[in-house]
Structures are given as C-alpha cells and as structure tokens.
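Produce the entire structure from the sequences given, and follow the hints as far as they go.
Mind the numbering: the sequence shown is residues 1 to 89 in full-length UniProt numbering, read in order.
Errors might be hidden in some of the hints.
What the hints assert, rightly or not - Derived DSS-like pairs (lysine-lysine); straight-line CA-CA distance at most 30 Å: (1) K26 / K8; (2) K10 / K28; (3) K8 / K40; (4) K34 / K10; (5) K15 / K30.
Stated by the list, open to error - Simulated restraints on C-beta separations: (6) D7 / E41: 19 to 27 Å; (7) L35 / A69: 13 to 21 Å; (8) L47 / T76: 27 to 35 Å; (9) K40 / G80: 15 to 23 Å; (10) A24 / R44: 29 to 37 Å; (11) E67 / T22: 30 to 38 Å; (12) M73 / K49: 14 to 22 Å.
Rather than coming from a laboratory, the hints here were simulated on the basis of the structure. Keep in mind it's a predicted model, so treat the numbers as computed, not measured. Idealized CB from N, CA, C, for every residue including glycine.
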Amino acid sequence: MPAYYDDKTKTWYSKFYYQDYTGARKQKKKRGFKLQRDAKEWERSFLEKQQGSPNMTFQALSDIYMEDAEHRMRKTSITGNRNLLNSII
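This is the structure:
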C-alpha cells in the first residue's frame with residue numbers, strides 16, 4: 001500500500017488500482033493527507049468497503065449501512081441507529 005508525497009502541496013496522497021464489482025480495473029487517487037499513515041488508512045478502509053468480504057470490520061460495515069440508509073430514513077431514525085451502532089462498537 002504505497003503513499004506518495006507531493007512536493008508542491010507538501011501533503012501525502014494515495015493512488016492505487018482496484019477491481020470493481022463488474023471486474024473492471026479502476027484507478028483511485030485521493031490527495032491532501034497531512035500524514036502518510038492517514039493516506040494508507042484511507043486506502044485500506046476504501047478497499048475493505050469495495051471488497052465486502054467477511055473479513056471487513058464491523059465499523060466499516062456499519063459505515064456502509066449508514067451511508068445507504070441516510071437517503072431513505074428520517075433524521076430521528078438515523079440518529080437512533082447511529083447511537084445504537086456506536087454503543088455496540
């Protein structure tokens with residue numbers, strides 16, 4: 001998991017390839033991390049979310065669920081679910 005340093009902006013960025021659900025190979029790049037470990041952490045969490053494997057953490061699974069649920073639930077339901085998930089974690 002490489003992270004690269006950008007001399008112009010004095011920040012770190014993460015750039016890598018992954019396979020999406022259709023099997024196509026895609027490149028992902030995100031810039032603006034203050035620390036190298038932040039860039040590597042973001043890459044690891046992104047790949048976990050893309051994988052959807054049984055090895056993913058409960059935190060990653062709950063984040064995916066909340067992102068999906070925010071568009072179809074009321075604010076009070078979202079708040080209640082978020083509080084419930086945070087108490088479990």
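For each hint, the structure was consulted:
1. K26 / K8: Distance ~26 Å between K26 and K8 Cα, so the pair holds.
2. K10 / K28: Distance ~20 Å between K10 and K28 Cα, so the pair holds.
3. K8 / K40: holds (20 Å)
4. K34 / K10: Since the Cα atoms of K34 and K10 sit roughly 8 Å apart, the hinted pair holds (cutoff 30 Å).
5. K15 / K30: holds (7 Å)
6. D7 / E41: 19 to 27 Å: holds (22 Å)
7. L35 / A69: 13 to 21 Å: violated (31 Å)
8. L47 / T76: 27 to 35 Å: With a Cβ separation near 33 Å, L47 and T76 satisfy 27 to 35 Å, so the hint holds.
9. K40 / G80: 15 to 23 Å: Distance hint for K40, G80 is violated at roughly 34 Å.
10. A24 / R44: 29 to 37 Å: This hint is violated: roughly 21 Å between Cβ atoms.
11. E67 / T22: 30 to 38 Å: violated (20 Å)
12. M73 / K49: 14 to 22 Å: Once the Cβ atoms are compared, 20 Å apart, the range 14 to 22 Å for K49 and M73 holds.
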